[in-house]
Amino acid sequence: MTAATPQRRWSLHAGLLALWFVASFGVVFFARDLKGLFAGWPIGFWFAAQGSVLVFIFVVVYFAWRENRREGPEPGFNYAGFEARKRRLHWRFATYIAGLLVFLLALAIAERFGLPKAWVAGIFLSSTLVLYAVIGVYGRTADAAEYYVAARRIPAVYNGMATAADWMSAASFISMAGGLYLQGFSGSGEQPGGLAYILGWTGGFCLVALLVAPYLRRMNLYTVPDYFAARFGGNWPRIIAAMAAILVSFTYVVAQIYGVGLITSRLTGVHFEIGILLGLGGVLVCSFLGGMRAVTWTQAVQYVVIILAFLIPVSWLSFKQLGNPFAPIAYGQQLQKIAIMEDNLRNSPAERAVIDEYARRADEMERRLLDVDAALLAERRELRARLAAFVGVRADSDAANALRRELAAVPKDANTARERWARAAADYRERARPLGGMPGHNAPFAGDPKGSESEQKAFQSSRNNFLALMFCLMVGTTGLPHLLTRFYTTPTVAETRRSVAWSLIFIALLYLSAPALAVLVKFEVMAHLVGQPYDSLPGWMAQWSRDPALLSYADVNGDHILQFAELKIGPDLVMLASPEISGLPYVISVLVAAGGLAAALSTADGLLLTIGNAVAHDAYFDGVNSKAEAMRRVMWSKFALLVVALIAAYVAAQRPAGILYLVSASFSLAGAAFVPAMVLGIFWQRTTRAGAVAGMLAGLGVSVYYMAANQPVVRQWMGLSGDGRWWDIQPVSAGVFGVACGFAVTILVSLVTTAGKVR
Numbered sequence: 009m010t011a012a013t014p015q016r017r018w019s020l021h022a023g024l025l026a027l028w029f030v031a032s033f034g035v036v037f038f039a040r041d042l043k044g045l046f047a048g049w050p051i052g053f054w055f056a057a058q059g060s061v062l063v064f065i066f067v068v069v070y071f072a073w074r075e076n077r078r079e080g081p082e083p084g085f086n087y088a089g090f091e092a093r094k095r096r097l098h099w100r101f102a103t104y105i106a107g108l109l110v111f112l113l114a115l116a117i118a119e120r121f122g123l124p125k126a127w128v129a130g131i132f133l134s135s136t137l138v139l140y141a142v143i144g145v146y147g148r149t150a151d152a153a154e155y156y157v158a159a160r161r162i163p164a165v166y167n168g169m170a171t172a173a174d175w176m177s178a179a180s181f182i183s184m185a186g187g188l189y190l191q192g193f194s195g196s197g198e199q200p201g202g203l204a205y206i207l208g209w210t211g212g213f214c215l216v217a218l219l220v221a222p223y224l225r226r227m228n229l230y231t232v233p234d235y236f237a238a239r240f241g242g243n244w245p246r247i248i249a250a251m252a253a254i255l256v257s258f259t260y261v262v263a264q265i266y267g268v269g270l271i272t273s274r275l276t277g278v279h280f281e282i283g284i285l286l287g288l289g290g291v292l293v294c295s296f297l298g299g300m301r302a303v304t305w306t307q308a309v310q311y312v313v314i315i316l317a318f319l320i321p322v323s324w325l326s327f328k329q330l331g332n333p334f335a336p337i338a339y340g341q342q343l344q345k346i347a348i349m350e351d352n353l354r355n356s357p358a359e360r361a362v363i364d365e366y367a368r369r370a371d372e373m374e375r376r377l378l379d380v381d382a383a384l385l386a387e388r389r390e391l392r393a394r395l396a397a398f399v400g401v402r403a404d405s406d407a408a409n410a411l412r413r414e415l416a417a418v419p420k421d422a423n424t425a426r427e428r429w430a431r432a433a434a435d436y437r438e439r440a441r442p443l444g445g446m447p448g449h450n451a452p453f454a455g456d457p458k459g460s461e462s463e464q465k466a467f468q469s470s471r472n473n474f475l476a477l478m479f480c481l482m483v484g485t486t487g488l489p490h491l492l493t494r495f496y497t498t499p500t501v502a503e504t505r506r507s508v509a510w511s512l513i514f515i516a517l518l519y520l521s522a523p524a525l526a527v528l529v530k531f532e533v534m535a536h537l538v539g540q541p542y543d544s545l546p547g548w549m550a551q552w553s554r555d556p557a558l559l560s561y562a563d564v565n566g567d568h569i570l571q572f573a574e575l576k577i578g579p580d581l582v583m584l585a586s587p588e589i590s591g592l593p594y595v596i597s598v599l600v601a602a603g604g605l606a607a608a609l610s611t612a613d614g615l616l617l618t619i620g621n622a623v624a625h626d627a628y629f630d631g632v633n634s635k636a637e638a639m640r641r642v643m644w645s646k647f648a649l650l651v652v653a654l655i656a657a658y659v660a661a662q663r664p665a666g667i668l669y670l671v672s673a674s675f676s677l678a679g680a681a682f683v684p685a686m687v688l689g690i691f692w693q694r695t696t697r698a699g700a701v702a703g704m705l706a707g708l709g710v711s712v713y714y715m716a717a718n719q720p721v722v723r724q725w726m727g728l729s730g731d732g733r734w735w736d737i738q739p740v741s742a743g744v745f746g747v748a749c750g751f752a753v754t755i756l757v758s759l760v761t762t763a764g765k766v767r
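Numbering-wise (the numbering used here), the sequence shown opens with residue 9 and increments by one.
Mixed in with the good hints, there may be bad ones.
[Unchecked claim] When the alpha-carbon atoms are kept at most 20 Å apart in a straight line, the in silico DMTMM-like pairs for lysine to aspartate or glutamate are as follows:
| hint | residue 1 | residue 2 |
| --- | --- | --- |
| 1 | Lys420 | Glu374 |
| 2 | Lys465 | Glu119 |
| 3 | Lys420 | Glu461 |
| 4 | Lys420 | Glu365 |
| 5 | Lys465 | Glu154 |
| 6 | Lys420 | Glu387 |
| 7 | Lys465 | Asp435 |
| 8 | Lys328 | Asp381 |
[To be verified] Here are the simulated distance ranges between beta carbons:
| hint | residue 1 | residue 2 | range |
| --- | --- | --- | --- |
| 9 | Lys420 | Gly44 | 35 to 45 Å |
| 10 | Gly34 | Asp381 | 38 to 48 Å |
| 11 | Ala386 | Ala434 | 18 to 28 Å |
| 12 | Asn228 | Pro457 | 21 to 31 Å |
| 13 | Gly23 | Gln468 | 52 to 62 Å |
By construction, these hints were calculated from the structure, which means they are not laboratory data.
For glycine and all other residues, C-beta sits at the position ideal for the given N, C-alpha and C.
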């Protein structure tokens, strides 16, 4: 039975897809109308944060059980030997987990007895990196099957762990809880998102399980572009798929290497760029030497570090606030308290004073932009006049030195001044809004569907962008090459279905906890930081504020009391600083940093392996299958992986965009490039080679155009006016248009061209 003509039970697929659709898009569309409480939770929030995820798990698990039961045992497979191997692996993995817990406890005891923090960080970081390196060296191979698909011997539960680690990238571990802290339920304005990330990144596994993974695994492939070559024939489908895989994976891996640099610099104290290179060494040892074989077991080991690093702080913070360590169950009571505190902050005179000052600063920056040259000259004259007043004994005073630094920081030319002042004006204007521009945490969507015309428009835009982003994340999940390749490593199709189910279960452990962490940290900030005198703020704030992108605060209204609007928290801080916020020992801070590093490293491993394989296995070689040629492809894959890693490190060092944005953009590109032709090729025999090629090019082209055409620099260069958005959809959700275009073009071109041989 081929991937193009599998036996299918359409009623099972249709029923489960309908349940998936209702639990995601149906619930979200009517979220504003879901009034009342469910066990103390706002109903709409509970469904979006937890209820829908539980439905997704049911869909994937039930599908795997029903289909595996229907198909029965696979002929010729050695089930007895496979079960014996699994038992040995279980013992080894249990020993590793016990050893890790004992190691953590020993470091905590040593810290309590005076071991310096630098030693704690150094010992833990070096130990984990050495462990990953040992696995990479032990798993080194030049065999093609081992390098590309780990010889298809990975049991479902361990492949699920590896997939979860591969999936829970720096965006999930480092940035998602912070994004939920800042965006609440659905985000607002220029930041749509919130719980769309939870729904999108879990709901997509329903599509992977029902539509793609088992059918690709049945074909015994090495890479995703292999599918396009096997299904449609010819060179163009494979080459286009390889180029798309490189584009998608490179965009994704830049975000991971950015996270590697952030975490490594945090752990070691080195510069960000040096941190990138140090972390990159850990990536290359695993993926370069052993390919998928080494990467799989490294990722399974890394998953344990990741999940412990996330669950320990959120569980402790939940116990501290609520007396219950099971945060996903308990944090609902804090939502209502946060809503009350948000109302109090909106009506606070002190908060209003801060907002008015930010509005004044925004007005001042906008006034300067009217005549940049004159404003720049006036600023220099004013600072020089004030500095000239410090003569004699006061020339070396702190105030004089501060003025000299301020003068040195003045922009050197009008272009630099214009760019800097425009950014400052936008930032001040954003912070001159209630709650520092943050939406109400429980509010589903901005605006009001029953309010004024502008409020109704804001509501429609907010809901549409939430749905669009969720759609792109779900469909993008279905098309990500580095994710789909993971399901090639299982020994049977039945194990592949189980593997998708285990993957979602392991991922859900973190994704159900991330909204809890966001709520608990927001309550901690509002209840215990806001309103405190500046001289009594906790020490961790001064430490983290060394990087203004992570944390900044200033006494804007001059009352020496911290107001909520005076505090600016970056999305990456919420998770990274959670141990300090919770009052946990420093060893847990190191564990969190190591968890973030493991998340970034595990995803970077898979992505770089995908890129190297796409370059050497798919784009360059012509598919000759001799043993010598296979070994040669492996060596070229390793070389390509090394080159791409260095290029990605250079790009990441430039800090091109936030982690969350880069990752989300890669999902739009993956969905548009792969999903239409792939799904139609599996389920519609009439799909032709010409249709697949045209659909991939059209879908990817529309997505890339929409993202690029909505960048201010590109619009200025092209002489375009306005914001260029279609139906006010944000550029990060360009996949909405790309996927629709890809399906339409693939179907239309297939209908008017001759179908090639179905393989």
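Any hints from earlier that this structure breaks? Give me their numbers in increasing order, please.
2, 3, 4, 5, 7, 8, 9, 10, 12, 13
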